[in-house]
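A.B. asks: Below, each chain spelled out in residue letters.
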Amino acid sequence: MKYLNLIWRNVFRKKTRMVLTTGSIVLVLVLIVVLTSLLRAMEADPSGGKGSNRLIVQHSTGLGNLLPLSQRQRIEQIPGVVAVSPETWFGGVYKDDRPENWIGQLSADPDIYFDKIFDDATIDPKVNAEWKATRNGFVAGKKIADKFGWKKGDHIILRGTYIPTNLDLVYIGPYSAGDESNVFFHNEYLNEANWFGKNRLTGLYYLKVANGEDVPRVAAAIDRMFENSDAPTKTLTEKQFQLQFMEMMGNVKLLINGISLIILFAVTLIVANTVAMSARERVTEIAVMRTLGFRRSHILSFILSESVLMSLLGGILGVLIAKFVLIPMLLAVGEKTSISAWLINFRVTVPTLVMAFTVSVGVGVLAGFVPAINSSRIKIVDGLRQVV
Amino acid sequence: MAIPLKYNFRNLFVRRVSTGMTVFVIGLVVAVFLCVLALVQGVTRTLSVTASTRNVLTLRVGSQAEMQSVITRDQADQIKSLPGIERSPDGRPYVSPEIITLISLPREDGKTSSNVQVRGMDPIGVEMRPSVKIVDGRMFQTGSNEAIVSRNLSKRYANMKLGQPLKSGSFRWIIVGLFDASGSAYESEIWTDAKDLQQQFKRQVFSSVFVRTPDAAAANRYIETVKGDQRLKLEGKTERKYYDEQMITGDPIKALAFIVGLFTAIGASFGAMNTMYAQVSARTREIGTLRAIGFSRRSILLSFVLESLMLCLAGGLLGVVFTQLVFSTFLTKPTGTMNFRTFSEVLFNFRMTPPLIVGGLVFSLAMGLLGGFFPAARAARLKIINALREI
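Residue numbers (the working numbering), protein chains in the order written: chain A, 4 to 391; chain B, 645 to 1035.
These are calculated hints, taken from the structure and not from any lab test.
Take the hints with a grain of salt, since some may be wrong.
Unchecked claim - Derived, one-sided and incomplete: chain B residues facing chain A with beta-carbon distance under 7 Å:
| hint | residue |
| --- | --- |
| 1 | M645 |
| 2 | I647 |
| 3 | L649 |
| 4 | V673 |
| 5 | V714 |
| 6 | T981 |
Note that CB positions come from ideal geometry on N, CA and C, so glycine has one too.
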């Protein structure tokens, strides 16, 4: 520790070089933090683990096919099931089809939806009661309600796409939850419209199981029940349901991890190059230090610490820039694109922070290793003889 | 007078390790940039290739994708009698009412799965898409629940080899043929007979009606006719326009490519700048000598910028080689990503194209320019006396 001042001064010996090297570490770390946060956001469970008691039943051929409503009663009778709500993805167009106007639109059974199934959401009991009583009413995630500035009593029109009907809905109030990108309206209201699945089909079933340990049993029981029917099912936990969209995007994880790894390797080389350059220029100085009594191990640790210190500085700056500048910027832009739904959990989490610091220290150690060993091995005589 | 390039070239070899590392870094950065760009290009190419301006998709008004459109049997029959539709040599109209559905299928690795688009069509629909050729097996027959799939698809998904039964939920098909769709979006689809699919799907409607017209002008007239027909409430879109609109699927990857490219490029040019600064300070006396024998400040500036460009161009070439190696060893199989419009997987190939190679080299030269300019300016500003005094 008493040498900290020496190391610190050596880091700042050549300002341009130090700024450039730290700069490249900052840029790479910013990029890695952003990419990792994006990946984590996509994989994150919006309910924060509270949804582990919930199951989603979809058609075994995927979401493209709908399920018969007659299955509801049979699912409800399975022991351990608390409540079942049919849900249909309306997928309509609000205002126009620009991505910033995208909203998740789901029909649900208001009588049980917030009370028994989606119970990690917070909703004002008055709002909930009024929603139940209003046939054409809808509730919206607080985030999107704020975004569009909806006030109680406002009407919105959703133009149907694959369900060929338009919905005229009236805003009741907001709910708060991990995922606030959806609006919910009555199943019954959707079924007043004349569409091919009227009173007959539903997109999926959303259900709650009383005990966590019953989840696998209930899921298996549902799938077995309809295995040989016209509409075989695939029952997924909330997390699996999310992951299936991730899988559809292809190997995003491999792509992002691959990019991160390669650019980390590249920045390690940049830092190693800098440290080596600066060590090479100081051969004489190092020889003098050795004659003064500093040991080889001292020299080794000096050079190594310089490298680590530089990387760590870059790492800290990088994380700060990612967290406070770039991610808010990307969020602002991303809201307007078709991937806005993926950005719900786009933020720097503690594990990402820890990862970023570990990585920057790692880069410092790896980069400083070879130059540090080389410098510590120089013979005093050679070092003093050399003219740089 | 300009300083000979040979001077710079030889100087790069003097500090082999430092030069080598910088070239390697630039190479890695260019390779990352090229891979992401190739991904963008792969997706957009798939959606743009061989889409014709003569073929028209007829959809329900406001539908962004065939999946969202519903066309009744009556509407499909009315379309058949519209003017301006081309006829085949044996006199049948080139009209194919088609039904689209999505099924989730396991990929070849057995662990992950994705949505695949199934297209039920009139057998004439195959003839209407000349880019599609059956390369193995035969065409499907009506009434026998047979299907043909693209060769790429059969490589990417499990149970899709020729002769294998394909099951998903209550759907059953036998794969009787493999086709090649010249890299177009049809490479991502399973094709079967529309009537068979309607029966299995238990819905007597279509998603779209695919129509061929004699030329682009006739296509526009057909689109106008459909638009003007109040009974139909449908709209026409040329095949080209329909797939162009789906290109927003590439947008998130484009944004990713842009951010990754920008950040790594600046980072790597900082590395190059460091190397060049070190070169300048190590060669201060040389620079003084060059000035003393008559080379102007401008030639010194030019010389160092050129040296930096050479350094980075070498990196760029290395990057192109890296990318080619990655493509030819790891990414030989077709890759897929989600098409946000159709909600199904779109298959594409990573490919090295001449514009991509040029792009990579320009990218590396940009890094060279950025990394070389400031060190070169420092070198050009040196005073002869001070430079010569330096040890």
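A.B. asks: Each of the hints needs a verdict: does it hold here or not?
C.D. replies: Structure-based check of all given hints:
no., hint, verdict
1, M645, "violated, 30 Å"
2, I647, "violated, 24 Å"
3, L649, "violated, 24 Å"
4, V673, "holds, 6 Å"
5, V714, "holds, 5 Å"
6, T981, "holds, 4 Å"
Hint compliance for this structure: hints 1, 2 and 3 are not met, and every other hint is.
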